[in-house]
Amino acid sequence: MRKVKSVSDLEEWKEHVILKQKQYEMIVSVCGGTGCHAYGCKKVRNQLARAIKKNSLDQKIRLKLTGCRGLCERGPIVTIQPQGIFYQRVQERDVPLIISETIEKGKVLEHLLYDDPLTKQKVTSEKEIPFYRAQQRLVLGKNGLIDPAKIEDYIATDGYRALAKAIFEMNPDQIIHEIKTSGLRGRGGAGYLTGNKWENCRKAPGDVRYIICNCDEGDPGAYMDRSLMEGNPHSVLEGMIIGAYAMGANQGFIYVRHEYPLACKNAEIAISQARKAGFLGKNILGSGFNFEVEIAKGGGAFVCGESTALIASIEGMVGEPRSKQIHTVTQGLWGRPTNLNNVETWANVPLIINQGSQWFSSIGTEKSKGTKIFSLVGRVKNTGLVEVPMGITLREIIFDIGGGPQNGKAIKAVQTGGPSGGCIPASLFNLSVDFDSLTEAGSMMGSGGMIVMDEGSCMVDVAKYFVHFLKGESCGKCLSCREGLKRMGEILDGITEGKGNGESLALLEELAVVVADTSLCGLGKTAPNPVLSALRYFRSEFEDHIIKKRCPAAVCTPLIQYSILEEQCTGCGACKKICPAQAIEGEKKQRHRIQTTLCSKCGSCKDICKANAVMVQ
Amino acid sequence: MNWEGRMDFKHVDTIIEKHQGKRTALISILHDIQDEYNFLPEGALQKVASRLQMNTNDIYGVATFYKSFSLTPKGKHAITFCLGTACHVRRGPKVLQEIARHLEVEPGQTTRDDQFYLQAVNCLGVCAIGPVMVVNGKYYGGINAIKAKKIIEKLNRKRGGVNS
Numbered sequence: 001m002r003k004v005k006s007v008s009d010l011e012e013w014k015e016h017v018i019l020k021q022k023q024y025e026m027i028v029s030v031c032g033g034t035g036c037h038a039y040g041c042k043k044v045r046n047q048l049a050r051a052i053k054k055n056s057l058d059q060k061i062r063l064k065l066t067g068c069r070g071l072c073e074r075g076p077i078v079t080i081q082p083q084g085i086f087y088q089r090v091q092e093r094d095v096p097l098i099i100s101e102t103i104e105k106g107k108v109l110e111h112l113l114y115d116d117p118l119t120k121q122k123v124t125s126e127k128e129i130p131f132y133r134a135q136q137r138l139v140l141g142k143n144g145l146i147d148p149a150k151i152e153d154y155i156a157t158d159g160y161r162a163l164a165k166a167i168f169e170m171n172p173d174q175i176i177h178e179i180k181t182s183g184l185r186g187r188g189g190a191g192y193l194t195g196n197k198w199e200n201c202r203k204a205p206g207d208v209r210y211i212i213c214n215c216d217e218g219d220p221g222a223y224m225d226r227s228l229m230e231g232n233p234h235s236v237l238e239g240m241i242i243g244a245y246a247m248g249a250n251q252g253f254i255y256v257r258h259e260y261p262l263a264c265k266n267a268e269i270a271i272s273q274a275r276k277a278g279f280l281g282k283n284i285l286g287s288g289f290n291f292e293v294e295i296a297k298g299g300g301a302f303v304c305g306e307s308t309a310l311i312a313s314i315e316g317m318v319g320e321p322r323s324k325q326i327h328t329v330t331q332g333l334w335g336r337p338t339n340l341n342n343v344e345t346w347a348n349v350p351l352i353i354n355q356g357s358q359w360f361s362s363i364g365t366e367k368s369k370g371t372k373i374f375s376l377v378g379r380v381k382n383t384g385l386v387e388v389p390m391g392i393t394l395r396e397i398i399f400d401i402g403g404g405p406q407n408g409k410a411i412k413a414v415q416t417g418g419p420s421g422g423c424i425p426a427s428l429f430n431l432s433v434d435f436d437s438l439t440e441a442g443s444m445m446g447s448g449g450m451i452v453m454d455e456g457s458c459m460v461d462v463a464k465y466f467v468h469f470l471k472g473e474s475c476g477k478c479l480s481c482r483e484g485l486k487r488m489g490e491i492l493d494g495i496t497e498g499k500g501n502g503e504s505l506a507l508l509e510e511l512a513v514v515v516a517d518t519s520l521c522g523l524g525k526t527a528p529n530p531v532l533s534a535l536r537y538f539r540s541e542f543e544d545h546i547i548k549k550r551c552p553a554a555v556c557t558p559l560i561q562y563s564i565l566e567e568q569c570t571g572c573g574a575c576k577k578i579c580p581a582q583a584i585e586g587e588k589k590q591r592h593r594i595q596t597t598l599c600s601k602c603g604s605c606k607d608i609c610k611a612n613a614v615m616v617q
Numbered sequence: 618m619n620w621e622g623r624m625d626f627k628h629v630d631t632i633i634e635k636h637q638g639k640r641t642a643l644i645s646i647l648h649d650i651q652d653e654y655n656f657l658p659e660g661a662l663q664k665v666a667s668r669l670q671m672n673t674n675d676i677y678g679v680a681t682f683y684k685s686f687s688l689t690p691k692g693k694h695a696i697t698f699c700l701g702t703a704c705h706v707r708r709g710p711k712v713l714q715e716i717a718r719h720l721e722v723e724p725g726q727t728t729r730d731d732q733f734y735l736q737a738v739n740c741l742g743v744c745a746i747g748p749v750m751v752v753n754g755k756y757y758g759g760i761n762a763i764k765a766k767k768i769i770e771k772l773n774r775k776r777g778g779v780n781s
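So the protein lines, in turn, are chains D and E.
Heads up: the first sequence begins at 1 in our numbering, then just goes up one per residue.
Heads up: the second sequence begins at 618 in our numbering, then just goes up one per residue.
Bear in mind the hints are in silico, worked out from the structure with no lab data behind them.
Some hints here could point you the wrong way.
Stated by the list, open to error - Calculated cross-link-like contacts (lysine-lysine; reagent style BS3-like; alpha-carbon spacing at most 27 Å): (1) D/64 to E/755; (2) D/43 to E/775; (3) E/766 to D/576.
Stated by the list, open to error - If you only want the chain E side, here are some residues facing chain D, beta carbon under 8 Å, derived: (4) 679; (5) 685; (6) 707; (7) 725.
Said to hold, decoys possible - Here are the computed distance ranges between Cβ atoms for each label pair: (8) E/753 to D/171: 49 to 55 Å; (9) D/361 to E/753: 46 to 52 Å; (10) D/616 to E/729: 31 to 37 Å; (11) D/82 to E/635: 43 to 49 Å; (12) D/366 to E/652: 25 to 31 Å; (13) E/759 to D/366: 39 to 45 Å; (14) D/600 to E/729: 17 to 23 Å; (15) E/759 to D/600: 18 to 24 Å; (16) D/536 to E/635: 50 to 56 Å; (17) E/668 to D/16: 44 to 50 Å; (18) E/693 to D/275: 37 to 43 Å; (19) D/97 to E/638: 54 to 60 Å; (20) D/92 to E/693: 17 to 23 Å; (21) E/693 to D/171: 56 to 62 Å.
For every residue, glycine included, the Cβ atom is placed at its ideal position computed from N, Cα and C.
Chain D on its own, in the form it takes in the complex (with noise of 0.2 Å):
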């Protein structure tokens, strides 16, 4: 590999890769997200790769795994360049047809294409598709264009020449001045102005300074900064290096969650390929400047994304907060000034640098500046990741990229912001999506969880999911969290298995503001949220199972029943077959029916029944 070590050199390196790619007449991605995955994509590329091989078209394709394109659940999605065609939904036997029509005659497999299910017409191109339409893919748009493990591709894409430019054109505080002119907050959830803690950490007293990268990621339903460190760790590591120079760090540490091996391991190959190039470890780029960054595990734990919790668990210690009388900008790890940023916040930095801080700030709101990426899923049509503009209106994201309701049942809420956020109902989807006015809604931006619920979604067992989760996530430090949210949790068991009373709602809103009021850090802080803002919206849904013993949504077990629509039964049997409690009984072609004292309310008979004849309530 080579060692750059000016300006020129990465020029030099940049159109020399640029030219040997220039010598395929098609390159051929294969999505290798986590979701792919799941959907087979490591065996179409494989199958693909021996096609290509066999038909002797391997000087003419370049065949290669990308990170993830966020349309994940229309997965394994294959694109073929310059054609810009785009195929879901992509199985082995697809495989000879691609080749002998698609790459050998040109020919578009229609069969493979997005069906729009607006306009019932099928598109060939991504950007055709509603769901990338109105995206704004800054970040994340690379992610399809690279082989995370090739830092040539990277290079390709104007790779490490923001690292270049800030430490041969710029000086540390010209570099913090842009971060803050750039108007960028952290990515992570609380929304700091990042410019500010930049400034913080390089201002703070000693010689010694960490900067950390937190790809923890704990919050549930949200995946953007494993997408991130899998598809294009070296965009994450130039904004690191970047920050490092600027707040005159040598050591920075990658936290990543235990849970994401393939992000441990891309971001393993950037850092070797890095420091092969010259981009990481002593004299960097020539400049005599020296920086170096390892990977630390985390062990599964959610209060570690808390900064103070977080450093504990790098220290190798139990990952409990500290209070932030004395900030970690100030006194971080091992008591050294340090700066923590989200993955996502990081791969900004070299955007803004490359592009400057001006045009950074014209995309966005007043406040909340660049774009936001939000992990779209739940009960939603298109679920996968989205990269919008900050500003935009939930509406605008849930209807129009997310394509509206997943089984026809009307949305009625999307949770943000994870545990510590809140549930927001459908009459406010007119809400524009920045950091402040979530916040104001009782929810939060958080990392970018967007988990959509319909009708089917009972917001009694929302709240209550969060509470437990939070319950056993919680340290255990401070007694408000630890004891507090167990009584949360016992309260809301009793409404959902309607032993709920006329106390129990003040009971639990006076419950959630001491645990409020009273705990050390964000996540006892935040933990009632999801219990509040289910409260402020819903509080019906908390009454009809208080008052009427019922559950609306038909979630909550101890008050629903299954029972065999009379009219519907074909009488086929499957319901009977697959019932594990043996609670069905029929004859073959005769009605079937639910005898409701066995029956396990397990849903088995619904999921197979063809005729739609299961009925619960």
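For this one, chain D is given, so just place chain E on it according to the hints.
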């Protein structure tokens, strides 16, 4: 613990040396030990304590605080079921309940025949295709109870016996 008596902990030394015997590398050391032995055996933890000159209690403190560590041996096939928000709203908990019933274990336990270890986790980060289940490192999306049982039974048949 009889099985521990037959265990050889010389790999523990190699692992500690790989991390230069640093106390701060404790979590990484425990991860490596678990990768090697499939859980954290008592003897290994004692060895770590003496090599790092730490109190065994503190090592247990860390080993029990973080959810990825297990102090008991896991079954041959690891089934990890996601209970993240996206999987939750797509009825993940009901599927998990059915799997647990089918295997006759609670999440966090290994079946009596040591074949399956069932674990429920907070989020696997593949939220778009929930409910998600990971079996021996392979991800399965859009899982319902029927699909899950099929996957489990396929593994069961491979060894020539039928479970439950």
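Original post:
Against the structure shown, which of the earlier numbered hints fail to hold, in ascending order?
Top reply: 7, 12, 20
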